[in-house]
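Colleague: Here is how the chains run, residue by residue.
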Amino acid sequence: MPSKTTMAGHLSLFDDDLEELDLSIIHRQGTQLITFMLGQEKYGLKILSVRELVSYPETITRIPGMPAFIVGMINLRGLVVPVMDLRIRFQMESLDYNQFTVIVIVQVENKLVGLIVDSVADVVYLEEETTQSSKDLTTSIDTKFISGVANIKDDMVILLDADYLLSEEELQLIPQQSTGPQPT
Amino acid sequence: MTPDQLPTDEFIEEAGDLLQELESALLQLETTPQNSQLIDQVFRCVHTIKGGAGMVMQPELADYAHQLESLLERVRSGILPCTVELVSLLLESLDCLNSFVAFVRGEGEVNVNLRAQTLERLKEFLPGNGSSGRPTVQSEPVDQNELKVSASDQQTTAFLITLKFDPQTLRNGGDPLILLEQLSEIGEIVSIAHTGSLPGLEEIDPETLYLWWSIKLVTGRTLDEIEEILVFYREHHEIDIELAVPPPAEPTVAASGETTASSFSLPDQQGDASSPASTEQLPAPVDPQPTAPSRTRADVGASMEEPDKPAAPQTIRVSVDRLDDLQNLVGETVINQSRLRRLGEQIMATDEHLGDLVLQFLEDSETSVRALQDQIQQVRMVPVGSVFSPLKRIVRDYAVKEGKKIFLDISGADTELDKTVTDQLYGPLLHLVRNAMDHGIETPQVRIDQGKDSVGTISLKASHQEGFVIVEVTDDGKGLDPEIILATAINKGLATREDELSEHEIFQLVFRPGFTTTSEVTSVSGRGVGMDTVQRDIQALLGNIEMHSTPGKGTILQLKLPLTLAIIEGMIVRVGEQIFTLPLLSIIEALRPSAEQVKRLKQKGELVDIRGEFVPLVRLHERLGISTPIQEPSAGLVVVVQHGNRKHGLMVDEIVDQRPVVIKNLEDNFIQIPGLSGATILGDGAISFILDVPSLAA
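Here the protein sequences come in this chain order: A and W.
For the first sequence, position 35 matches number 35 in my numbering, and the numbering has no gaps at all.
For the second sequence, position 475 matches number 475 in my numbering, and the numbering has no gaps at all.
Hints should not be assumed to be uniformly reliable.
Over 10 Å on every C-beta distance to chain W, these chain A residues come out as not near it, computed from the model [said to hold, decoys possible]:
{"hint": "1", "residue": "G30"}
{"hint": "2", "residue": "Q32"}
{"hint": "3", "residue": "G39"}
{"hint": "4", "residue": "K42"}
{"hint": "5", "residue": "L48"}
{"hint": "6", "residue": "R87"}
{"hint": "7", "residue": "I88"}
{"hint": "8", "residue": "F90"}
{"hint": "9", "residue": "E93"}
{"hint": "10", "residue": "V102"}
{"hint": "11", "residue": "A121"}
{"hint": "12", "residue": "T131"}
{"hint": "13", "residue": "T143"}
{"hint": "14", "residue": "M156"}
{"hint": "15", "residue": "D161"}
{"hint": "16", "residue": "Y164"}
Ranges of calculated distance between the beta carbons of each label pair, as one might list FRET restraints [stated by the list, open to error]:
{"hint": "17", "chain 1": "W", "residue 1": "G108", "chain 2": "A", "residue 2": "D163", "range": "29 to 37 Å"}
{"hint": "18", "chain 1": "A", "residue 1": "E169", "chain 2": "W", "residue 2": "E109", "range": "28 to 36 Å"}
{"hint": "19", "chain 1": "A", "residue 1": "P57", "chain 2": "W", "residue 2": "H504", "range": "44 to 52 Å"}
{"hint": "20", "chain 1": "A", "residue 1": "T101", "chain 2": "W", "residue 2": "Q658", "range": "31 to 39 Å"}
{"hint": "21", "chain 1": "A", "residue 1": "L95", "chain 2": "W", "residue 2": "D17", "range": "57 to 65 Å"}
{"hint": "22", "chain 1": "W", "residue 1": "D532", "chain 2": "A", "residue 2": "L95", "range": "47 to 55 Å"}
Okay, the calculated bits of chain A under chain W, using three or more residues with CB under 8 Å as the criterion [unchecked claim]:
{"hint": "23", "segment": "53-66"}
{"hint": "24", "segment": "78-85"}
{"hint": "25", "segment": "104-116"}
{"hint": "26", "segment": "167-175"}
Calculated from the structure, these hints are not laboratory results.
Just so it is clear, CB atoms sit at the ideal spot from N, CA and C, and this is done for glycine as well.
The whole structure should be built from the sequences, with the hints applied where relevant.
Modeller: Right under this line is the structure:
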């Protein structure tokens, strides 16, 4: 029986069942994204930087001296994780948390931060050719957090740059953006 | 093998341990040069380092270790006497080995000068320059079965090779004879075939190999060259090679009945189950001359080989990260338990019987979880002695160099501390010991003039006390005069006469930044880092340090350290609706002051009058931006905390509890937050921040 090789060149099966396999997954190229909603806009984060999704917890401990977008800390199975409200962060009008509210736990290197979003939408593949730079883009949020915009399934997805959001420089700025009283 | 496949990390770790062991053995050997066990230990360390160096492709290190090994081999066999000079040289070689390992670690360069220098001096001990002659040949006893080795061939070495081929060798087409022939080509061999496992004739399987061999090979080749031959066999067969231990010069009664080549000892055979014949025929070890330095054969067989199997407890290496993970998991379990308990109480309210069962079960599981938690904590503990022992060398070298006589007295080295604490304790301790050596201990002449023992003593003492570890560095040197300290402090603007400081408070002034009593800079201490650095380091370990001194008698420095950094004893306080944790170590007292006790000063803000002492007041709710109905200290509580020498009163609503808490670092996965040193998770799963006393007091 002749061996059959897929286009990707990884599979070599000796089975006619191959014809029946849906190979669309294997053909997929590019990065997987998790998409979520903030207001009317759809945002995407590289799935590799997303550690998990948790629902909004019963208790969230406020951190003294932090700006409003740092909502507080949650206990993620023994880990103490700061939570950031992306609506407040991006200066969008705030929304009461509801049963769709999700905290996306993002991990970049050893930094672990939860991002509060309105709801989680989908997991999609990002194809490079559909991506365009964020330079000539008008969105409601600061473009420094955006790495680009992609057109996926006729939807515009704004690509959030988690590496930047959790970068040392960016995090170190947080205490200075505080509006409340601060320890001196 | 490509470089990234080399077991470099393992080597670095192992070599580090070996070098430490080597150092401690050498230091002991310096005082008891005749201790053959120590010599064996030293030899073993160097040998293992050599082997490891080969594995990680460090030929220069391997070669250097090899030179040392050759020298030690002579010492071990008694050809070369072990002298203090020799040990001194070995200690210097150890420094060179250390520089090699540092180089492998990527943290420095090999000390080439030291290498050349030690190798040069090493040669003085080796034959050719001395009268020790050719040890291998010279030491061969006159034995009927002995090979006559050409006396002119200085390079020959005797090796013992044990060949235990796989019993299936013949069936698989192998032939042990080929190897034996190969070996006989490179030198003279004596081989003994062990027939102990041969079955009776009727049971014999002609295709099974029942024999094994012991071979003595006298050759001009090096160990590595022989290894190259053996390496092809190693994979499937049990093959051992080692340097032959030269027998005693005057062998007494021949011991072994089975072997004919009795002039060398065979390793690992006496106890080997596969050679019952040899075991049975061995006479019990008898030593007719117990005190004589030359060993009898029985002695060689019984004790010389066994030190190679140290009786050390079996251990495995586990990374601290894994322990951290384990600790987190257990912490999580504890939290879940308390949630379960609340659930159990709810069940109790509706169904008493069921609730009772649940709570009973919870009780049992809580016991085991607590035991688990304790055990994991125990695993992280290492004896504080691991930071004491490197100091022995420092003290020894300093004493030799400066012409002082110093005895380092160590006690309580087995006191256990969390590994993180122990690791960070070395720097401060080194500083304190250097200070004691340099500024404390006088020269022998001065000491004698003062009627003291010419040998100064620095003692390092560790002990447990009330859940803390106390480490004391004491010297019997010249001590410090509180008057001079005070005068210096006043001079530097760190204190005033009007402060009316107690003697205790005066001594603590030395920890203030910018305080140093001596302006001279020596190579040992006084490098511009003062006691303030030591105090900062100790405080970073959540500990504190105190000093006391008597002029002419000596100085004592006391370090109080928590058992672990991961868990602190915490005072749980409430401000508004938020729960905070204060490290108990920094708390002095808590009180509810009357309104009259709180004074407001124009420049200094608010002060609380505590028995005549004015302590600055920090209203935590204001500082942290928390709203609370309790606005005045007289309605809440003031917790007096100490940081360094300064006290502050922190105003809180109430004290909730006191308990050990597991510290979670915020900086690791987020950022450092001003005013907070970390967080902890309370029994009900809620997060409580640990207040950073120094920054709140600032």
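Colleague: Where does the structure disagree with the numbered hints, that is, which hint numbers, in rising order?
Modeller: none
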